[in-house]
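Residue numbers (our numbering), protein chains in the order written: chain A, 517 to 910; chain B, 61 to 377.
Calculated directly from the structure, the hints in this document are not laboratory data.
Worth double-checking, as some hints may not be accurate.
[Unchecked claim] Examples of chain B residues toward chain A, derived with CB under 7 Å:
(1) S83
(2) L151
(3) M154
(4) N157
(5) I168
(6) H194
(7) G236
(8) L237
[Said to hold, decoys possible] In the SDA-like style, the derived pairs of lysine to any residue whose C-alpha atoms are separated by at most 20 Å in a straight line are:
(9) K559(A) - K62(B)
(10) K683(A) - D133(B)
(11) K653(A) - R108(B)
(12) K683(A) - N213(B)
(13) K661(A) - S365(B)
(14) K62(B) - Q687(A)
(15) K749(A) - P828(A)
(16) K653(A) - D366(B)
(17) K518(A) - D133(B)
(18) K683(A) - Q207(B)
Given the structure is predicted, the values throughout are model-derived calculations rather than measurements.
Ideal Cβ positions, reconstructed from N, Cα and C, are used throughout, including at glycine.
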Amino acid sequence: MKVLISGIGVISAIGSDVSENLHSLKNGESGVGAIRFLKTNHKLPACEVKMTNEELAAAIGLSSAEGYSRTTLLAMKAAKEAVENSGIATGSAGFISANTVGGMDRSELAYEQVAADQEQIDFSPFTTHECADSTRKVAAFLGLKGYQATISTACSSSANAIILAAKMIEQGMADVMVAGGVDALTKFTLNGFNSLMILDSEPCRPFDDTRKGLNLGEGAGFVVLESEAHLRKRGGKALAQLSGFANTNDAFHQTASSPEGEGAFLAMTQALKRANITPEDISYVNVHGTGTSNNDASESQAMLRIFDQNIPLFSSTKAFTGHTLGAAGGIEAVYSVMAIQGGCVFPNLRFKEAIAESGLVPQTEFKEGVEIQHVLSNSLGFGGNSTSLVISKA
Amino acid sequence: MKFYINGSAGVSPFLGLGEEACSIPEEGSRFARESDYKQVINPRQSRRMGKLLKMGVGSALVALKNAGLEKPDAVITGTGYGCLQDTEKFLGVMVENEETLLNPTAFILSTHNTVGGQIALFMGLTGYNFTYVHGAFSFENCLVDAQTFFHENPKAQVLVGGSDELTPTSLQVLEGLDCAPDQQFGEGAGFFSLSAEKTEKSYLAIEGYRVKFGTTNDESVKQMISDLLADCDKKEEEIDVVLSGTDIELAFPNAETIDFKQYTGVYPTAISGALLLAEKVLLGKASALIDKKGVERVLIVNTHSDEGASCMLVGKC
């Protein structure tokens, strides 16, 4: 059974909806900059969504942001756009979401009271700590009454949410599902990645030989997935088709990717097989491309193993959005659909020199008028988790 | 869908890792029983591991050993809270040192999919590896995913498990929020090696399960149980024991109803502990906790405020 994508929604540092994101991608306007909202001592660049929590709440018609994590507000905004874009009736639709640190944006502040051993502690912010909190609140907010799940597999989380939704639709367990993921920028993750020494103190340069690390970002990206029968019956319009996917494990190291990119290689190979296409059929690869020395080298090797010398157009959009962790797979799935819709490839900003060992050169300018038949979107994470999606013209 | 259980292991307040029989949880404590992890994890590796990792990875490895399985085709884990100990450790130093001089180890290990990732690393597994974090229904998410995996790979062996840890801080927070009045919090891990087809190792079966989300009431939960019994072609009379994790009063003609949380404690993936307990009841290894003998079929019911409800039927095969 075909699984079709009938709606997309996104919020990131480069825009609060699909059209704003497209505008920035077209015009090479990166979202990286000084941190404005997160209270941190670090002077690192990051890709914050340029809205306060109250502005986010107002944008989706909530009277106040009180009691909501930023994670939940970002997810509500993007999921609402996806649902409205598709025109589905939400009633029986399921909701599969993903994130890496739940409502940590509130917990880490409340934790300061616990650490200080204060006599009176306001524990209420911890009620939004669980990863599932945002999933439940978005489902209730949008009236998505079907199956629910929350996935947390580090940086591949939301691509995996899309996989589960697709499998359930293929197997007739659901007709329509909203799937994707979210993460808000937190001190916890900023300090975590900083302690790993993989944050670039300058705007990141994915796939460049002189890359120094990643910039963290935040945002959410969701797609509406539907069975062909369901879409036809309600007279909806398919934006794209999810034609293949795979999840594998690198089984090399808790945080580092193997030099030969085994996990990514297996994920891409199996996703292509599932889509019943060959590497030559791929028009564009939206690579994971975080900008760390390790990821880009490893992913390059995996690409060379798949495509050999016939590397398709590819780019990392993380130079625009930063690495949005649990949201990355969802945001990039939305960008993949936008590439198909617009017949375009988004630029890999700030690339100058190819990685010496691989020589791979990404697309550096916005390119229009391309026939995009199949997009391969990679998401690779801690714990060796490797996911590839094939998004195709419907 | 019916799942055959080919091996299992777990840690709980009522069971230590690798122990055959259940014992009464120690008075006043709802921490999982101290266990010997050296049987499967060498001390050099376990030194860095937090409690959740030890409980989860330890249980997974023993479960696979019991199933005589070296390489499961998929690893699907669930946790409501994730690696709290490492999360707290990192947060604590971050607050104390005002964001300086941080060691990344605790951060690395704090990721929710660390248990699944470490199982893959330990056993060199390059296959499907998912982690569900959907609160009180994280383990049910795992079963649904296992079902989708078996649908595509009918001969597969899938490792599923739930784990959550209780730490002094999480206990302080949970008590501060009054999350489970009149109940004790708990922790534990329960891992199960499953197949969709009966193998020579199969000794019990999850005959069926149901899960629904959103607000539930007495009527909808009872309807869900009737639907499950219909799915499995079983009658109410055929239930011998109900392991109940719900306030809803459930009475079946021949069943003894037991609140499983008095043994597992309250935690998001407690239903994986209830499944361990169901196994022990069916295998006659739970006499310290439950008098009933000759049990053929156990119904497990889990409800959680307005989040949803699930039920599972477990029997001999």
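Query raised in the report: Looking back at the numbered hints, which does the structure fail to meet, lowest number first?
Result: Per hint list: 1, 4, 9, 11, 15, 17 violated.
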